[in-house]
Amino acid sequence: VPLFFFRLRDERGIIHDVGQLELSGLRAAAREVSVTLGEMAKDQLRSSDDMELAIEVHNEQNELVLIATVRFDIKTSGTVFY
Amino acid sequence: VSFGDNAFLRRLTVVSDLQAPDLETIRTLPLSIREFPAGSVIVREGDRPRESFLILEGFVCAYKITGEGRQQIPALYVAGDVPDLHSLHLKVIDTGFRTITPARLGFSTHTDLNRICERSYAITRALWRITLIDGAVFREWETNIGRRDAATRLSHFVCEMYLRLRAVGLTDGLSFVLPLTQQDLGDAMGLSTVHVNRTLQTLRGEHLLRYESGKIEILDWNKLKVRGDFDPTYLHLDPRELDG
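Line order of the protein sequences matches chains F and Z.
Those letters in the first sequence? Residues 72 to 153, per the working numbering, in order.
Those letters in the second sequence? Residues 450 to 693, per the working numbering, in order.
Hints in this document: simulated from the structure, not taken from any laboratory.
Given the structure is predicted, the values throughout are model-derived calculations rather than measurements.
You can trust all of the hints, since none of them are fake.
Here are the computed distance ranges between Cβ atoms for each label pair:
(1) Z:E484 <-> F:S105: 34 to 42 Å
(2) F:S118 <-> Z:G622: 32 to 40 Å
(3) Z:E661 <-> F:V72: 22 to 30 Å
(4) Z:L581 <-> F:S118: 30 to 38 Å
(5) Z:D561 <-> F:V136: 54 to 62 Å
(6) Z:D621 <-> F:G84: 34 to 42 Å
(7) F:D120 <-> Z:F587: 28 to 36 Å
(8) F:I145 <-> Z:Q521: 28 to 36 Å
(9) Z:Q521 <-> F:A112: 16 to 24 Å
(10) Z:T550 <-> F:E93: 16 to 24 Å
(11) F:K146 <-> Z:E494: 44 to 52 Å
Stretches of chain F that chain Z covers, calculated by requiring three or more beta carbons in the stretch to come under 8 Å of a beta carbon on chain Z:
(12) 84-91
(13) 103-110
Every residue, glycine too, gets a C-beta built ideally from N, C-alpha and C.
Pulled out of the complex, with its shape left as it was, chain Z reads as follows (with noise of 0.2 Å):
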């Protein structure tokens, strides 16, 4: 199976400016397709990979565990991000990387990787400005979990996951699917299950947000952007893209 067209292709014609035959090379890179039940390891810390993957279907986190076997979810990706693929570059991976659906992923060797880079500066520039994104969203995650308060942080975070779920066009007018567990929330929010279940409840009285089975519906995108504190510029999407 070739690359084709898919979400990232969507997101790289977005952050690049790459050409007809930049976007058919990477179009007809191959692909191996294969399915995870929710909840599988894809990789783990200190695996040493020869090959990244496209997430198509599905979502995905990065996990750490801690010394005392707590767990902290650093990213969460969804169909259209390529999770890995730092380690194109980077040779042991410092992250593991699980399912939390079902998902259906795209590996790609670095072999094929590395020759589209060599063929064409353009496609590397393009490359390495996703893996740059993908740097600005870790950064904004450690402003929000390091120093917003409960609310405003999973404000934020929605906020976030819903332009991000949009661009790629997993949304349905303000509403969206987000299959976390409550646990899977804390730990990607660094609070308490307990916790969340209070800030959401806060959040629905305040008219912003319901979460109810796996599903966000925002009730007020314009003051949700405000309690989350929240400026998407570190998303670098399509400007068009960024009104609710």
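In isolation and in its complexed conformation, chain F is listed as follows (with noise of 0.2 Å):
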């Protein structure tokens, strides 16, 4: 079974390691970094009008396999008071 290593940018754009899992393969890896951002985008958003996170997957080589980013802002007209 492949071992994936989960690297997260979080919004100042500071690396942490945050863990390696194994798992059947690479579609596995992409499951598990959406559901991850998806949790963190959710929580990130309580708090504040604008994130990015992004994931990078690498694998036992050290070879970055999959990247994932998501990002969110609001933008208003400047006629509406926000």
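The task is to assemble the complex, starting from two chains supplied on their own in separate frames and drawing on the hints.
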């Protein structure tokens, strides 16, 4: 079973190692990333109107095999009080 | 083997006003002791059990599997808990139970449990109260998972487990064994494994707790309670057991 290494790039651009998982393949790694980014985005948006998070996935040879980014921001027209 | 003195009996004395004769009735209740390795299914969803089990040692969880095969752990049980006590009156079990660690369980037949309840209204009331507290814990978990962010959710969970384990003598200062895999923890908290890892890092970075090799060390109890939005009222513990 392949081992995947997950790294989070937070809103300040800082990279955090966030663990390693044995998964059936890249599709499973992508699923883990999608769920994680969705959960993190939901949490961040409780206290902020914009956010950008990315997760990189590396294989056992330390090759980047997947990167996913989620970005959210709100733009208002200049005439709207916000 | 009889029921004897155990953590469940201590729980009963905290949450009820059972007198000596009733406590003796429970103490002499016959129990069938069985050992289970980690990961064993004890009861399956849809089973119609004729006995309920008391945890003497080890960790047990309830589990539900969604239609797409994803697991949720809606409750975690420790020594002194009777996870399927409700099966005494609900004939079909609506959730599965499995061991998380090797576990020593004591099984009591529903016939025996019904017999002692029929003989004593105080025992009936005490057992009812235990299942009501289980319901209170379910409500708190639902609130936790549904409305709190990951760091608050995990902090709340750690606070709860600390107090529950301390009440049955399974803590060492502010440390305790929590032998869940990060997958189990994610399934209990409704979080992905990677998100659990990141959240544990965050709480460690805030000097609130450390989690290593299945052991939790609380670094600042008062701050962790605040971080976890934690009010222990729902646990209905002995008030003397509520301070860190």
